[in-house]
Amino acid sequence: MIWMVKVRTELNPLRLVLKNKAPVELMVQITNDSDKARLTSFDIVLGNHLSFEKQGRTNSKTKHLGELSPGEKVVQYFSIYPKISIETGEHIILLSAIEPYNSYQYILGKKTRQLSLRVE
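Residues are numbered in the numbering used here as their position in the sequence shown, beginning at 1, plus a constant of 12.
Check each hint, because a few of them may be wrong.
Said to hold, decoys possible - In silico DMTMM-like pairs for lysine to aspartate or glutamate, Cα to Cα no more than 20 angstroms straight-line:
(1) K85 <-> E22
(2) K95 <-> E132
(3) K18 <-> E65
Stated by the list, open to error - Distance windows between CB atoms, simulated:
(4) Y89 <-> L120: 24 to 34 angstroms
(5) I96 <-> D45: 39 to 49 angstroms
(6) E99 <-> L120: 36 to 46 angstroms
(7) Y118 <-> L26: 33 to 43 angstroms
(8) Y116 <-> A34: 18 to 28 angstroms
Because the hints were derived from the structure by calculation, they are not lab data. All C-beta atoms, glycine included, are put in the ideal place defined by N, C-alpha and C.
Start from the sequences, fold in the hints, and give me the full structure.
Next comes the structure, spelled out in structure tokens:
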């Protein structure tokens with residue numbers, strides 16, 4: 013079975029500059045390129061030194077998008093903050109687009125993309 017989904021990501025700005033104390037915005041666009049409606053969700057897992065909150069507690073998110081019609085696009089934005097323990101260098105962000113079966117309990121298809129965020 014082939015799952016036809018397009019995953020597009022953008023980081024703005026491309027680097028996380030610690031002295032600016034500003035987060036990086038991650039844009040995630042999921043497009044259903046198949047000819048059928050598909051139940052869709054995605055997971056984002058940040059490295060141990062990044063977080064979705066200023067306080068640094070959350071480093072993973074799951075979004076259930078529901079059923080996407082053929083050709084339908086969904087765009088979501090996430091702010092990424094550094095934790096206090098962060099070191100300069102490359103940090104990995106994993107994004108997995110998932111086609112669940114029926115109730116998000118089982119997985120029919122999955123595409124994973126690895127992003128690299130430079131911290132200075």
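Tested hints:
1. K85 <-> E22: With Cα atoms ~15 angstroms apart, K85 and E22 stay inside 20 angstroms; holds.
2. K95 <-> E132: holds, 13 angstroms
3. K18 <-> E65: violated, 27 angstroms
4. Y89 <-> L120: 24 to 34 angstroms: holds, 27 angstroms
5. I96 <-> D45: 39 to 49 angstroms: Since the Cβ atoms of I96 and D45 sit about 41 angstroms apart, the hinted range of 39 to 49 angstroms holds.
6. E99 <-> L120: 36 to 46 angstroms: holds, 39 angstroms
7. Y118 <-> L26: 33 to 43 angstroms: holds, 36 angstroms
8. Y116 <-> A34: 18 to 28 angstroms: Violated, at about 34 angstroms.
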